[in-house]
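S.K.: As given, the protein sequences belong to chains A and B, one line each in that order. Here our numbering is used: the first residue of the first sequence is 1485, the next is one more, and so on. Here our numbering is used: the first residue of the second sequence is 5, the next is one more, and so on.
Bear in mind the hints are in silico, worked out from the structure with no lab data behind them. Where hints are given, some of them may not hold.
[As the list claims (entries may be wrong)] Using 30 angstroms as the maximum straight-line C-alpha spacing, the simulated DSBU-like pairs for lysine-lysine come out as follows:
id: 1; chain 1: A; residue 1: K1502; chain 2: B; residue 2: K192
id: 2; chain 1: A; residue 1: K1560; chain 2: A; residue 2: K1494
id: 3; chain 1: A; residue 1: K1593; chain 2: A; residue 2: K1527
id: 4; chain 1: B; residue 1: K174; chain 2: A; residue 2: K1502
id: 5; chain 1: A; residue 1: K1502; chain 2: B; residue 2: K197
id: 6; chain 1: B; residue 1: K49; chain 2: B; residue 2: K174
id: 7; chain 1: A; residue 1: K1527; chain 2: A; residue 2: K1486
id: 8; chain 1: A; residue 1: K1502; chain 2: B; residue 2: K93
id: 9; chain 1: A; residue 1: K1573; chain 2: A; residue 2: K1560
id: 10; chain 1: A; residue 1: K1486; chain 2: A; residue 2: K1573
id: 11; chain 1: A; residue 1: K1560; chain 2: A; residue 2: K1502
id: 12; chain 1: B; residue 1: K174; chain 2: A; residue 2: K1593
id: 13; chain 1: A; residue 1: K1593; chain 2: B; residue 2: K192
id: 14; chain 1: A; residue 1: K1573; chain 2: A; residue 2: K1494
id: 15; chain 1: B; residue 1: K174; chain 2: A; residue 2: K1573
id: 16; chain 1: B; residue 1: K192; chain 2: B; residue 2: K135
id: 17; chain 1: B; residue 1: K174; chain 2: A; residue 2: K1505
id: 18; chain 1: A; residue 1: K1560; chain 2: A; residue 2: K1505
id: 19; chain 1: A; residue 1: K1558; chain 2: A; residue 2: K1593
id: 20; chain 1: B; residue 1: K49; chain 2: B; residue 2: K197
id: 21; chain 1: A; residue 1: K1593; chain 2: A; residue 2: K1560
id: 22; chain 1: B; residue 1: K49; chain 2: A; residue 2: K1494
id: 23; chain 1: A; residue 1: K1505; chain 2: A; residue 2: K1486
id: 24; chain 1: A; residue 1: K1505; chain 2: A; residue 2: K1530
id: 25; chain 1: A; residue 1: K1560; chain 2: A; residue 2: K1530
id: 26; chain 1: A; residue 1: K1505; chain 2: B; residue 2: K192
id: 27; chain 1: A; residue 1: K1494; chain 2: B; residue 2: K93
id: 28; chain 1: A; residue 1: K1530; chain 2: A; residue 2: K1486
id: 29; chain 1: A; residue 1: K1486; chain 2: A; residue 2: K1558
Each chain, letter by letter, is given below.
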Amino acid sequence: MKYLVTDDSKLARLSLIKSLKSLVGEVEIFQATNGQEAVDLVKSEKPDIAFLDLTMPVLDGYGALPLMLEAYPKLKVVVVSADIQERAKTMVIELGAQLHVQKPINADKMQEILDIL
Amino acid sequence: MSAITLTEDEQDVLQELMNVAYGNATAVVADMLDAFASLSIPNIKIMQTHELLQEFQSLKGSSYFFSTQAFVGEFSGESAFFIDDESAKNLATHLELESEEDLDDAILELTNVLTSSLTTRLAQEMDTEVKFSLPSISKIPLSEISHNKTFEQYSQVIVIDTQLNFQDQKINGEIFILTKDGSIEWLKNQLNKILEALM
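Same shape as in the complex, but just chain A (with noise of 0.2 angstroms):
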């Protein structure tokens, strides 16, 4: 399995990625700090699980899930984002997003995001 881990944060990039291998070990994680170098990823590598931050410079998250879905249509996105309001989730929902979750992310919330993929 290959994940890719979009964030402007470092900290939310190494939080997640900590979770991630406390449950699957070490496996290929591609990094991108924002929506465009998603995009990038997503066409070059082809992951199969990607978590998407919202609020972003370049593209934000919003602009980058219909492009990463066109790209590679397998994608599971899961977008991972402070932005808790009902329609910031119905609209990622509707573009494609597998999940919407609420930062951050520890173990406990990876295991049931990997659960439900």
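With the hints as your guide, set chain B onto chain A.
M.R.: Leaving out everything else, chain B in the frame of chain A:
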């Protein structure tokens, strides 16, 4: 007091904690106003108080409502919220308020809900608690900001500045979290503890 700086990593951690706290606070306010807010990336700066006051003064171009709420604990400081005149009018329209008194009341309540949920969550992320002092909120005319006694308690401040933006309703505000001198070192320690736990 010597000038304090934040390393790139400390700044990143604080920005991310603020992002989480702000997302939480915005959801509460969005529910209260039955509206959807777009979130922006928080901007973090360390400033001398006189620079901050200059920044506040530069907002004078339009008339603004300004309210503050102090918080105390290991993490002590003050949150300040600005909302411009046009946004305040749009808020009144959105909430169908008729009198000026009702609008003042709505702005103070918005400040209270926004800043208290923001600060509470930010403190929670840093493993501490804050208490809000009473009277916690006052509306201060922008022209009198520099005379506000609360700013005398700060020499330099960590300013966390973020926008509140309800696009459909055309309501924009700006929030500053000011950290007291004595809390800056504590804050740096907490940020590094969080970082170390991930390494």
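S.K.: All hints, please: hold or fail.
M.R.: Status of each hint after checking the structure:
At roughly 22 angstroms between alpha-carbon atoms, K1502/A and K192/B fall within 30 angstroms of each other, so this suggested pair holds. Under the criterion of a C-alpha separation no larger than 30 angstroms, the hint pairing K1560/A with K1494/A is consistent with the structure, at around 22 angstroms. In summary, the hint linking K1593/A to K1527/A is supported, as the alpha carbons are separated by about 28 angstroms, within the 30 angstroms threshold. Proposed proximity of K174/B and K1502/A is contradicted: the alpha carbons are some 40 angstroms apart, above 30 angstroms.
For the proposed pair K1502/A and K197/B, the alpha carbon gap of about 16 angstroms is at most 30 angstroms, so the pair holds. For the hint pairing K49/B with K174/B, the CA-to-CA distance comes to about 27 angstroms; that is within 30 angstroms, so the pair holds. Between the alpha carbons of K1527/A and K1486/A the distance comes to roughly 13 angstroms, so the proposed pair stays at or under 30 angstroms and holds. The hinted pair formed by K1502/A and K93/B fails the criterion: a straight-line CA distance of about 47 angstroms is larger than 30 angstroms.
A distance of roughly 16 angstroms separates the Cα atoms of K1573/A and K1560/A; the hinted pair therefore holds under the 30 angstroms criterion. Taking the CA atoms of K1486/A and K1573/A, the gap is near 25 angstroms; set against the 30 angstroms cutoff, the hint holds. Between the alpha carbons of K1560/A and K1502/A the distance comes to roughly 20 angstroms, so the proposed pair stays at or under 30 angstroms and holds. Between K174/B and K1593/A, the direct Cα distance comes to roughly 36 angstroms. Violation of the 30 angstroms bound is thereby established for this hinted pair.
The suggested pairing of K1593/A with K192/B holds, with an alpha-carbon distance near 28 angstroms, which does not exceed 30 angstroms. For the proposed pair K1573/A and K1494/A, the alpha carbon gap of about 23 angstroms is at most 30 angstroms, so the pair holds. At roughly 22 angstroms between alpha-carbon atoms, K174/B and K1573/A fall within 30 angstroms of each other, so this suggested pair holds. For the suggested pair K192/B and K135/B, the alpha carbons sit about 20 angstroms apart, so the restraint of at most 30 angstroms is met.
For the proposed pair K174/B and K1505/A, the alpha carbon gap of about 43 angstroms is over 30 angstroms, so the pair is violated. Simply put, K1560/A and K1505/A have alpha-carbon atoms about 18 angstroms apart, close enough for the 30 angstroms limit, and the pair holds. Distance check on the hinted pair: K1558/A and K1593/A sit about 23 angstroms apart at the alpha-carbon level, within 30 angstroms; holds. Note on K49/B and K197/B: the hinted pairing holds, with a Cα-Cα distance of about 21 angstroms set against a maximum of 30 angstroms.
A distance of roughly 17 angstroms separates the Cα atoms of K1593/A and K1560/A; the hinted pair therefore holds under the 30 angstroms criterion. The straight-line distance between the Cα atoms of K49/B and K1494/A is roughly 18 angstroms, inside the 30 angstroms bound, and the hint therefore holds. A C-alpha spacing of about 12 angstroms is found between K1505/A and K1486/A, which places the hinted pair at or below 30 angstroms, so the restraint holds. Distance check on the hinted pair: K1505/A and K1530/A sit about 19 angstroms apart at the alpha-carbon level, within 30 angstroms; holds.
Pair hint K1560/A plus K1530/A holds up; C-alpha atoms about 11 angstroms apart against a cutoff of 30 angstroms. Distance check on the hinted pair: K1505/A and K192/B sit about 28 angstroms apart at the alpha-carbon level, within 30 angstroms; holds. At roughly 39 angstroms between alpha-carbon atoms, K1494/A and K93/B are farther apart than 30 angstroms, so this suggested pair is violated. A distance of roughly 8 angstroms separates the Cα atoms of K1530/A and K1486/A; the hinted pair therefore holds under the 30 angstroms criterion.
For a cut-off of 30 angstroms, the pair hint linking K1486/A to K1558/A stands: about 12 angstroms separates their Cα positions.
The structure does not agree with the numbered hints 4, 8, 12, 17 and 27 stated previously, though it agrees with the rest.
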